[in-house]
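Protein chains in written order, with my numbering: chain A, 1 to 330; chain B, 1 to 283.
Mixed in with the good hints, there may be bad ones.
Covered stretches of chain A, as calculated for chain B (at least 3 residues, CB under 8 Å) [stated by the list, open to error]:
{"id": "1", "region": "61-71"}
{"id": "2", "region": "107-113"}
{"id": "3", "region": "224-233"}
None of these hints come from the bench; they were simulated from the model.
Think of the CB as a built atom: it goes at the ideal place given N, C-alpha and C, for glycine as much as any other residue.
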Amino acid sequence: MPAFAGMTSRSAVSATLAFARRPRLDLADRGFQAAAGGAALLVLVLLLAIAASMFYGGLPAFRAFGLHFLYGTEWNPVAKQFAAGVAIYGTLVSSLIAMLIAVPVSFGIAVFLTEVAPAWLRGPVAAAIELLAGIPSIIFGMWGLFVFVPIMADHVEPWLNDHLGPIPGIGALFSGPPLGIGMLTAGIILAIMVIPFISSVMRDVFTLVPPQLREAAFAVGATRWEVVRKVVLPFTSTAVIGGIFLGLGRALGETMAVTFVLGNAHDLSVSLLMPGNTISAAIANEFTEADSPLYVSSLIALGFLLFVITFIVLCAGKLLLIRAVRQGGR
Amino acid sequence: MVANASRALRRRRALRGRIALGLSAAATLFAVFWLFWILGATLYYGASALTPRLFTQMTPPPGSPGGLLNALYGSLLMVVIGTAIGTPVGVMAGTWLAEYARRRWLAETIRFINDILLSAPSIIIGLFVYALVVRQSGHFSGYAGAVALALILLPVVVRTTDETLRLVPMTLREAALALGAPRWRMITLVIWPAARTGITTGILLAVARISGETAPLLFTALNNQFWTANPAHPMANVPVVIFQFALSPYEDWHALAWAGALVIAVFVLCVSVGARRLIRTRA
Numbered sequence: 001m002p003a004f005a006g007m008t009s010r011s012a013v014s015a016t017l018a019f020a021r022r023p024r025l026d027l028a029d030r031g032f033q034a035a036a037g038g039a040a041l042l043v044l045v046l047l048l049a050i051a052a053s054m055f056y057g058g059l060p061a062f063r064a065f066g067l068h069f070l071y072g073t074e075w076n077p078v079a080k081q082f083a084a085g086v087a088i089y090g091t092l093v094s095s096l097i098a099m100l101i102a103v104p105v106s107f108g109i110a111v112f113l114t115e116v117a118p119a120w121l122r123g124p125v126a127a128a129i130e131l132l133a134g135i136p137s138i139i140f141g142m143w144g145l146f147v148f149v150p151i152m153a154d155h156v157e158p159w160l161n162d163h164l165g166p167i168p169g170i171g172a173l174f175s176g177p178p179l180g181i182g183m184l185t186a187g188i189i190l191a192i193m194v195i196p197f198i199s200s201v202m203r204d205v206f207t208l209v210p211p212q213l214r215e216a217a218f219a220v221g222a223t224r225w226e227v228v229r230k231v232v233l234p235f236t237s238t239a240v241i242g243g244i245f246l247g248l249g250r251a252l253g254e255t256m257a258v259t260f261v262l263g264n265a266h267d268l269s270v271s272l273l274m275p276g277n278t279i280s281a282a283i284a285n286e287f288t289e290a291d292s293p294l295y296v297s298s299l300i301a302l303g304f305l306l307f308v309i310t311f312i313v314l315c316a317g318k319l320l321l322i323r324a325v326r327q328g329g330r
Numbered sequence: 001m002v003a004n005a006s007r008a009l010r011r012r013r014a015l016r017g018r019i020a021l022g023l024s025a026a027a028t029l030f031a032v033f034w035l036f037w038i039l040g041a042t043l044y045y046g047a048s049a050l051t052p053r054l055f056t057q058m059t060p061p062p063g064s065p066g067g068l069l070n071a072l073y074g075s076l077l078m079v080v081i082g083t084a085i086g087t088p089v090g091v092m093a094g095t096w097l098a099e100y101a102r103r104r105w106l107a108e109t110i111r112f113i114n115d116i117l118l119s120a121p122s123i124i125i126g127l128f129v130y131a132l133v134v135r136q137s138g139h140f141s142g143y144a145g146a147v148a149l150a151l152i153l154l155p156v157v158v159r160t161t162d163e164t165l166r167l168v169p170m171t172l173r174e175a176a177l178a179l180g181a182p183r184w185r186m187i188t189l190v191i192w193p194a195a196r197t198g199i200t201t202g203i204l205l206a207v208a209r210i211s212g213e214t215a216p217l218l219f220t221a222l223n224n225q226f227w228t229a230n231p232a233h234p235m236a237n238v239p240v241v242i243f244q245f246a247l248s249p250y251e252d253w254h255a256l257a258w259a260g261a262l263v264i265a266v267f268v269l270c271v272s273v274g275a276r277r278l279i280r281t282r283a
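Start from the sequences, fold in the hints, and give me the full structure.
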């Protein structure tokens, strides 16, 4: 600014301050701040609005069926009797199967990427796992229905029938017609979908372990596996559990992939090979076909339950991770 | 005797370690195996269904040839509108978190809630927008679909903007303020340009994510067999067409669904890989 050229620095500063304090600019400044603050508040409002609208939409169903809605197992659009029991059971069981597979595999991937793989291999492998997270869930669903389900039906499930079916107790889980679709298939596909999320959290927190701790363990003669098992894992356990919860939150709410391979059956069955339902799959399948207000309200009430379940699980995961970071990656 | 026992112990520990680390390599192979299987199958079935008709004709009734033109157009339009709605709000919210939030508890709460929204089930966003837009306006529409996509994009942009802006050195802010710039000029002329790459990466990652989203469109944009350029009507879109066609009993619809899956997968993976490359070349 040429006008300031001849001034001393102090008068330049005061001139600038006067320039900055001009009311018109002040107004722009305040307007910008208000716009930014409003946008940030919108995030907060959004979550509350979602919760409120789900609750409000589900209210007629909660009123009509009371607490029975939570544990009842009938779902009969013709008789207008609805209860969430089967869908909640399916949501929990498919996610449980997913976690049983995804947690050990994710742990293995995190160990491989931080301890085992040579430096040149880490980048490409990490990128491949990230790519898996980027595949849209509708593609998991299509692949599941057309490629994976036939293999489950023709090879895996008959084998499970023959070898695990006769075992008393757990045999009931693996008996039933080998249809290919069902809880087990959905759980496996969910596992593949959440592995990238869990393994990336685990890998991140493993790298936060202070090198002195690891070196001390190596110095007293620990093997690499013993360092992981007895130093890295105990040190990062809070964060690891937090990461598992975040993955669980994803699995519980996943919709398209399970909708394709679950069979949309509102029957409760012990066998993991039988078709079932989850909250999200029931909503996806039936919402546009729901023909009575009570039917629509019951589906929204299912949505509210899913919202509450995932909210609690995600909050728990997030809080664990925050605590872990505060304690220095512990 | 003692030497022997300790040698056996050492051998056992080494063996156990080798087995465990071998299993970790196997776990990695397991995950990579699924990646190649899924992408390979999509490429195989999708490529064999890929014809020029895909980009020139509308979605057909079963038994006659057709393409996905109306669905591709609908998807593109809704992603563009969704990005146009969500990006400014997301960038402003992220800017507030990084630049203005004096009361720390409020900023921390919003960050926390934003992270929850980031992982919230997308089908719930669909239900929410159904109640908010579809029920109020009385009909399904492309706009409703775009709003649903915007709500999914929003938390991704908020988070990346917030994180990137906090990496901008404080000296840049001090320099701008010392020159007498008001805060909003400092942010728009100095801080945003300095963080441009990071913010762009966040937006691209969010676009990649919403391009494949199906659940939130099922009861907002619905679907449309015919050509509509007007987003006030129900709109065809690739993910919902894939869903409908794949679950139908018709072979030729399955083929189109695979072709659509391939187009979506290629687009989504190219955008997200491009976004990550962008940030890597800078860093």
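To see whether the hints hold, each was checked on the structure:
1. 61-71: violated (count 0)
2. 107-113: Satisfied; 6 residues make the cut.
3. 224-233: Answer holds; 5 residues pass the 8 Å Cβ test.
Of the numbered hints listed earlier, the single one contradicted by the structure is hint 1.
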